[in-house]
Structures are given as structure tokens and as C-alpha cells.
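*Asks:* Quick note: the sequence shown uses my numbering, first residue 55, plus one each step.
If you're looking for bench data, these hints aren't it; they were derived computationally from the structure.
Computed spacing ranges between beta-carbons, pair by pair:
1. Leu85 to Glu169: 14 to 22 Å
2. Lys206 to Glu169: 41 to 49 Å
3. Ser265 to Leu77: 33 to 41 Å
4. Asn203 to Ile156: 22 to 30 Å
5. Glu125 to Glu169: 40 to 48 Å
6. Gln290 to Ile84: 33 to 41 Å
7. Ile228 to Ile72: 36 to 44 Å
8. Glu99 to Ser265: 21 to 29 Å
Small disclaimer: the values here were computed from a predicted structure and weren't measured.
Glycine included, C-beta positions come from ideal geometry on N, C-alpha and C.
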Amino acid sequence: MKLIYLIQKAWIQQSRDILSLVLLISTTPILFLLYYSITLGESKEFITLLILLSVIMVVFSSSMVVAKEIESKTIIRLILADIPYYQGIIGLCLVQFFLSIISILLTFIFLFFYEIYNIEILIEFFYFATINSLTSIWIGASVGSLTRNTFKAFTISSLLMFLLLLLSGALFPIPRKEILFFNTIPIRLFDLIPSNLFLQSINSILESNKSKSGNLLFQNSFLSFFYFVVAIAFFQISKTKKVNDEL
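All chains, full assembly: derive it from the sequences and hints.
*Replies:* Quick look at the structure:
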């Protein structure tokens, strides 16, 4: 019940910031419409970049929301109310997840309406986009909890967004050399970068490689869980630092 209350509180706070709400939901759909009106969908590579962007941009929004809550001394209020700090942060993250899903769905609706991809492909895309949205949120929340102020969160999350896009493999080829195998599944160095793994997933769907898509679904899920654990650890570190600062 406490988590539901925190989600409601986070939604009310988010709805007050109309500009960030609109930007998060509408950025990629608007970019697609602008792109299509100019090129008539001739470049599928740009479509792939838009799908990646719809997931990566959540890093920025989630880091800013978490940093803003820490600046406003939410940690102290949660402790006084006997509410676990991580639940408050997860409440914020779930609201960001809901908004990112709306943005992705809007983008995919346009992709279907303009006959860029069929519904079967878009459904498979959606599975991976959902998992990677969560991963981006955990990364952004970790940044926000560690930086503890909006200016630092803005700077670091902007840099992370750039690096995630740069190292995704969508802009230029990156090394694919295996570093180890996990139950016959090859693990590469850049597989630790969520955007790179997401791009591989998109390509495997377009190639109709069901076996590879299945392996990548497991890898994406595991990576998302890994970043969730890291985020929880960072939340605890942030809580300890903030409490010590207040004492």
C-alpha cells in the first residue's frame, strides 16, 4: 500500500511539470512525423535510431526526477514516515516507466499506420523496448541518486545519453569479439551496454532469427536486472550520505 501511495504522489508531482511530461511523451513521435514528412520513410536506419532514442532518453528524465526529489529532502521525510527509501525512488521510476511506454506506443502506432513495420514485428520490438526502458530508468535513477542535485544529474545523464547512442552500434560498427560464453550464449564486451544489446535485438527481429532473438531476450532481461541491483545499491549509498549530511 505504501508503494501505491508513493506512485500516486510521484504521478501528481510529475503532472505538475507539464513541459517535461510533454517532452518525454511526444519527442520521438514528433521526430518521426517530421522525418517521414521529409523522406517518406526511405531510411530504415533513421527509424532504428528513433526507436533507440525513445528508450535512451528515459535516462535523462529519470535522473532529473530522482535528483530533484533528493534536493527537496524527500529522503528525510521518508525516513521520518518509516517508509523504505528505495520504495520512494521506485515509485518515481515506475511513473517514468509508464510515461516511456506511452511514448514508445505512440511511436509504434505511427510506424504501423505509415506501414513501416507490420504488427508482428512491432510487438516483438515492444517486448525489448519495455525491458530496455526499465534498464534506462535504473541507470538514470542511479545517476540522480548519486549526484544528488539537478545540475550534476543534467550534465552526467546528458553525457550518458550521448555515449549510449554512440556505443549502440547504430552510428558506426563496433567490435563484436566474444569475451566469454554463458551456456553457449556468446557474451561480448559491448553487450554490457544496453543500447547495443537493444540494437542487436532489433536486427535479429528484422532478420527473423528466432533463436538469436530468444537468447537476446534473456540477455536483455538479465542486464536489466543487473542494473536494477546496482540502482538499489546506489539508492542505499545516497540515503546514507544524505542522512549523514543532515546530522
